Amino acid sequence: MLLTVEELRVSYDNIKALHGVSFRIDEGEIVCIIGANGAGKSTTLRAISRLVPVEAGTKMTFLGRDLLQYPADKVVSVLGISHVPEGRRLFDNLTVMENLRLATFARKDGKAVGNDLERVFSIFPRLSERQGQKAGTLSGGEQQMLAVGRAFMSGRKIMLLDEPSMGLAPLLMMNVFDSLKEINREGTTILVVEQNARMALQFAGRGYLLENGKVVLEGRSGDLLSDPRVKKAYLGG
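Using our numbering, you'd call the opening residue of the sequence shown number 8 and step up by one each time.
The reader is advised that the hints may include incorrect statements.
[Claimed, not checked] Derived CB-CB ranges, DEER-like:
no.: 1; residue 1: 21; residue 2: 44; range: 14 to 22 Å
no.: 2; residue 1: 223; residue 2: 99; range: 22 to 30 Å
no.: 3; residue 1: 141; residue 2: 34; range: 31 to 39 Å
no.: 4; residue 1: 229; residue 2: 94; range: 17 to 25 Å
[To be verified] With a Cα cut of at most 27 Å, we get these calculated DSS-like pairs of lysine-lysine:
no.: 5; residue 1: 221; residue 2: 23
no.: 6; residue 1: 164; residue 2: 81
no.: 7; residue 1: 188; residue 2: 118
no.: 8; residue 1: 115; residue 2: 164
no.: 9; residue 1: 141; residue 2: 118
no.: 10; residue 1: 66; residue 2: 164
no.: 11; residue 1: 188; residue 2: 238
no.: 12; residue 1: 238; residue 2: 221
no.: 13; residue 1: 66; residue 2: 81
no.: 14; residue 1: 23; residue 2: 66
no.: 15; residue 1: 115; residue 2: 66
no.: 16; residue 1: 118; residue 2: 164
no.: 17; residue 1: 221; residue 2: 66
Hints were generated in silico from the structure; no laboratory data involved.
Just so you know, these numbers come straight off a predicted model, no measurement behind them.
All residues carry an ideal CB built from backbone N, CA and C; glycine is no exception.
Produce the complete structure using the sequences and hints provided.
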């Protein structure tokens, strides 16, 4: 088992955001968490990345290690958990190349870094064409490519993606998801949270439905796509 989350509870002041969320991810999988805005999807990823405090009783392990013993920076540099946040959060005043290079600050494997950079540019040729361009001047689709590329460059074992389809035209959205499938085939496990339930379930092998901070449904993506509850609430019929 790569990642296990048990009884994940998070509160913001007096507001309960997550009420005992539990799930697991095996190495090499693509797993999605779907749900409406405000269901707790982003909070779940932020908790795994140790960006928000969790409550007593929460258990999270990664490759058998207690995730709660690692601060946010070590989650990336030691464990290899990369997070592509909602809104991308690039360094807008830095170039494409500078954003990619910054992601490798803790890596000591110089040759592998070079190989990863070449791979990012082969997966996203548009980034290769815009190496010297400021990130803030890129289109929305190009910024999403850069955010994924930056996570790739950090030396990832698992990639957490928060709403990767947000703001993208359908064709660009398909291109980004196709690229993520290619990254997964090369060995990177992927956990994606999405409001676009149909896209997420077509992309992932398994899924979890989150409502009001609780997992209310889980299963193979095909089963969730045909589930009447999911179809009615999230698939437009």
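Here is what the structure says about each hint:
1. At roughly 21 Å, the beta-carbon separation of residue 21 and residue 44 lies within the given 14 to 22 Å, and the hint holds.
2. Separation of residue 223 from residue 99 is about 38 Å and departs from the stated range, judged on CB atoms against 22 to 30 Å.
3. Between residue 141 and residue 34, the C-beta spacing of about 37 Å keeps the proposed range 31 to 39 Å intact.
4. The hinted window of 17 to 25 Å between residue 229 and residue 94 is violated, with their beta carbons roughly 31 Å apart.
5. Under the criterion of a C-alpha separation no larger than 27 Å, the hint pairing residue 221 with residue 23 is consistent with the structure, at around 11 Å.
6. Our distance criterion of 27 Å between C-alpha atoms is met by residue 164 and residue 81, whose separation comes to about 13 Å.
7. At most 27 Å may separate the alpha-carbon atoms for a hinted pair to count; residue 188 and residue 118 meet this at roughly 24 Å.
8. A C-alpha spacing of about 16 Å is found between residue 115 and residue 164, which places the hinted pair at or below 27 Å, so the restraint holds.
9. Annotation: proposed proximity of residue 141 to residue 118 holds, straight-line Cα distance about 26 Å (limit 27 Å).
10. A C-alpha spacing of about 20 Å is found between residue 66 and residue 164, which places the hinted pair at or below 27 Å, so the restraint holds.
11. Using a Cα cut-off of 27 Å, the hinted pair residue 188 and residue 238 holds, with the two alpha carbons roughly 24 Å apart.
12. The hinted pair formed by residue 238 and residue 221 meets the criterion: a straight-line CA distance of about 19 Å does not exceed 27 Å.
13. Between residue 66 and residue 81 the alpha-carbon distance is near 18 Å, which keeps this suggested pair within the 27 Å criterion.
14. For the proposed pair residue 23 and residue 66, the alpha carbon gap of about 17 Å is at most 27 Å, so the pair holds.
15. Restraint check for residue 115 and residue 66: not satisfied, since their Cα atoms lie roughly 30 Å apart, outside the 27 Å limit.
16. Under the criterion of a C-alpha separation no larger than 27 Å, the hint pairing residue 118 with residue 164 is consistent with the structure, at around 18 Å.
17. Restraint check for residue 221 and residue 66: the C-alpha separation of about 16 Å stays at or below 27 Å, so the hint holds.
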